[in-house]
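Engineer: For reference, the chains in residue letters:
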Amino acid sequence: MPGRSSTPALSVAAGGGGLRLRQPFRRLFIRGAGGASAESGLKRAHFREWRLPVWLLAPQLFILLLFFFIPSARALIQAFQLTDPFGATVKWVGFQNFERLFSSSVYWSSARVTVIFTLAQNVLTLSFALLFAFASNHILRGRGAYRTVLLLPYAIAPAIAGIMLAFLFNPRVGPVAHMLQGLGLDWDPNRNSWHALALVVMAASWKHICYNYIFLVAALLAVPQSILEAANIDGAGPIQRFLRISMPMIAPTLFFLIVINFVYGLFETFAIIDATTRGGPAGATSILVYKVYQDGFVTLDLGSSAAQSVVLMALALLLTFAQFRFVERRVNYNV
Amino acid sequence: MRPIYRALGIAAGLLLAGLGSAQAATEIEFWHAMSGALGERVEELVKKFNESQKDFVVKPVAKGNYDEVLNATIAAYRAKRQPEIVQSNERSFLTMVNSGAIVPTSELMAQQGHPIDVSKFIAPVVSYYAMDGKLQAMPFNSSTPILFYNRDHFKAAGFDKPGATWQELEPQLDAIKAKGVSKCAMVLPGDYEWSFLENYSAVNDIPYATKRNGMDGLDTTFVFNKGKLVGQVERMKRLVSSGVMQIAGQGIIPTQLFTSGECSSIIASTAAHAAVVAAAKFDWSAAELPYEQGVTPKNSVIGGAALWTLKGHTPEKYKAVAAFYDFLAKTDTQVWWHQATGYVPVTTAAYEAAKAQGYYQKNPTREIAVLQLMRGTPSDNSLGFRIGNSNQINVAIMEEVSAAFLGKKPVQQALDDAATRGNESLRRYEQLNAGKK
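Protein chains in written order, with the numbering used here: chain A, 1 to 335; chain B, 1001 to 1437.
What the hints contain is simulated information worked out from the structure, not anything from laboratory work. For each residue, glycine too, the CB sits at the ideal point set by N, CA and C. Be aware that a few hints might be false.
What the hints assert, rightly or not - Straight line, CA to CA, 25 Å or less: simulated BS3-like cross-link-like pairs of lysine-lysine:
#: 1; chain 1: B; residue 1: K1048; chain 2: B; residue 2: K1063
#: 2; chain 1: B; residue 1: K1080; chain 2: A; residue 2: K91
#: 3; chain 1: B; residue 1: K1120; chain 2: B; residue 2: K1134
#: 4; chain 1: B; residue 1: K1436; chain 2: B; residue 2: K1063
#: 5; chain 1: B; residue 1: K1409; chain 2: B; residue 2: K1134
#: 6; chain 1: B; residue 1: K1281; chain 2: B; residue 2: K1362
#: 7; chain 1: B; residue 1: K1211; chain 2: B; residue 2: K1183
#: 8; chain 1: A; residue 1: K91; chain 2: B; residue 2: K1134
#: 9; chain 1: A; residue 1: K91; chain 2: B; residue 2: K1281
Claimed, not checked - Chain A is nowhere near these chain B residues, computed Cβ spacing over 12 Å in every case:
#: 10; residue: E1027
#: 11; residue: E1068
#: 12; residue: Y1429
Claimed, not checked - Derived CB-CB ranges, DEER-like:
#: 13; chain 1: B; residue 1: I1253; chain 2: A; residue 2: V123; range: 43 to 49 Å
#: 14; chain 1: A; residue 1: P153; chain 2: B; residue 2: G1231; range: 32 to 38 Å
#: 15; chain 1: A; residue 1: S104; chain 2: B; residue 2: T1314; range: 43 to 49 Å
#: 16; chain 1: B; residue 1: K1409; chain 2: A; residue 2: A316; range: 30 to 36 Å
#: 17; chain 1: B; residue 1: Q1167; chain 2: A; residue 2: W194; range: 45 to 51 Å
#: 18; chain 1: A; residue 1: A58; chain 2: B; residue 2: R1081; range: 53 to 59 Å
#: 19; chain 1: B; residue 1: Q1167; chain 2: A; residue 2: S104; range: 49 to 55 Å
#: 20; chain 1: B; residue 1: G1243; chain 2: A; residue 2: S109; range: 46 to 52 Å
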């Protein structure tokens, strides 16, 4: 159910504490019948009259209209057209753009790259973030300093991060590349598609680990100390406590992060790819969203680019639905 | 009145007078794609024009690289906020001509009383930017690829200079690597589809696409997968896989690998002169593009860009545009631009003038590009390229060729795929622009 998606995110964002409304605001709501806990009461609350909520929603809806609905509608129209970039000539071509897309081996290879990239990025990001969150929770001295350092990459613009990594791993001049070559690895992302893919996965994860880390640290702090202490007394070691108690208890956060990481990998890594490899070599790192950009803005193939964004949009809806339908069932929020 | 007030009054008066005269001058915008040293040269050039007369003011605006300038222009045109002049690269020719957004340069200049004599321009420039003998855009920065080389490295390997043919040059490059003179005998340029493929076809007089490479109509098809170009890509692949030719990759510009002394040679635009002169700390020189043994080499083709005039402005603005173009075509301007940037002079008169100054005696490498462009009579294969959807096709060709470098597919297969993908794009362009040239 998409409607429920905001609840775990919201409570996670607030450090698991839930939202507390201040007294004056409460008067605006009618309490639903039998609201036992604060959370279920909040869910059932609604506004007494319609004007205020409309006003509260208006700015967001206006932004959505401007930056989502209008562009989406235009993309949908353009997907069925062949257009001159200047708009001088426009021809309706039915499903030609889609047929072309699905019969193109380049597009399918881009889809394959996207799957590998997104999965690898998700696994790498989450496991490193978990490791760091676990470790920094167990360090007493200078915990703040470690946390600050771990959060720093988040402040770096994706383009800068991409260029930096491209340079560090450049087989001719990059110090890290020289180190790898010294270890006997024939590192060359310009001539080896797997190396290039590994590079963009690394770049994308490096940038996103800190985001995951913040959430995991907050979630780990919310794990009741009493349970951990009880387990400690029963003889469970730190790793066992982490795997058996903390992990299940932070499952909602993990689930939220998996969804976010998928969305990030699928739709927000464009700048990093552009700066690190430009989708190359030979399309080895050209993920779907990068291809939309390249076909739309570099090669000016507007019809194909629009068709691709329509496909991506459908994919995003499908993916979110599937995740909430199948994965969320295994997550227990009532801990 | 106290002196201070009087001074202020005079200052205000001067300011108003200044504003008055600024308003009298017609201001036009010029969006360009030149960055770094070349960007500064453009600023200088425009300043020269603005100071040469009082009626017009050109405002240069750097809008990123060629793709970005084109994108910005498209967005601005659709929003009806287009500039008067925009610089667009040579391969966007058909996109611009068929955009319905431009005023052909010949027409504009005739209307404004500065008729253009096409015969004054050098042949490869005219054949690229003219249709039916009429210039569609104002030739601006024209270049052609030449071979820059590190003379110290070539000497250390026992060679005076690079061989004129690929058959002579290849063993030299191998030797430079084998003898350990440098780990990188040549670096692959980022625009190799232009310097290694298109120009190779022109120089060696082999067809790249039918209908004189598209000059005779939109129903052209690619045939580059059926001739000597396959051998050229095989050669490039061999050089890349043996490590003789290196790929710079992201994070570094290929020219930098040459100027830093890491790579011994590069085939690059003659406009790279600016960067090489500024950064190379070794004995360097340049030579004409290598060609196949037994071939009488034809002229190479131009790259670079031209200035396009956009529709939708007032007659006064077009007067300013025409005055600016007239200034650009002047021999003095051309000579200065040629010497300051490394681009070739686009008129024969400017070349003669630079020669008469003795410029080429002092700077022999500056003449190579001009001589190479004017070599012989252009054949059907060396007139230039008129390819629709050229950006798409470019990306497709480079993707396939680099797939061959990576060993993902054999060279012949890669070029066949490139031709198939290219032809699909050509047919789509024909479908959209049916009835146009």
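Engineer: Taking the hints in turn, state whether each one holds.
Structural biologist: Going down the list of hints, with the structure as the test:
1. K1048/B x K1063/B: holds (21 Å)
2. K1080/B x K91/A: Holds, at about 22 Å.
3. K1120/B x K1134/B: With a Cα-Cα distance of about 13 Å, the restraint between K1120/B and K1134/B holds, given a limit of 25 Å.
4. K1436/B x K1063/B: violated (30 Å)
5. K1409/B x K1134/B: Violated - the C-alpha atoms of K1134/B and K1409/B are around 43 Å apart, more than 25 Å.
6. K1281/B x K1362/B: holds (18 Å)
7. K1211/B x K1183/B: Given pair K1211/B, K1183/B is violated - Cα atoms ~43 Å apart, limit 25 Å.
8. K91/A x K1134/B: violated (29 Å)
9. K91/A x K1281/B: Violated, at roughly 55 Å.
10. E1027: For E1027/B, whose nearest Cβ neighbour in chain A is about 24 Å away, the distance exceeds 12 Å, so it holds.
11. E1068: Check fails; 9 Å does not lie beyond 12 Å.
12. Y1429: violated (9 Å)
13. I1253/B x V123/A: 43 to 49 Å: violated (35 Å)
14. P153/A x G1231/B: 32 to 38 Å: Between P153/A and G1231/B, where Cβ atoms are some 48 Å apart, the hint is violated.
15. S104/A x T1314/B: 43 to 49 Å: With a Cβ separation near 46 Å, S104/A and T1314/B satisfy 43 to 49 Å, so the hint holds.
16. K1409/B x A316/A: 30 to 36 Å: At roughly 32 Å between Cβ atoms, A316/A and K1409/B fall inside 30 to 36 Å, so the hint holds.
17. Q1167/B x W194/A: 45 to 51 Å: Given range 45 to 51 Å: violated, Cβ gap about 35 Å.
18. A58/A x R1081/B: 53 to 59 Å: violated (29 Å)
19. Q1167/B x S104/A: 49 to 55 Å: violated (39 Å)
20. G1243/B x S109/A: 46 to 52 Å: Since the Cβ atoms of G1243/B and S109/A sit about 27 Å apart, the hinted range of 46 to 52 Å is violated.
Hints 4, 5, 7, 8, 9, 11, 12, 13, 14, 17, 18, 19, 20 from the list above are not met by this structure, while the remaining hints are.
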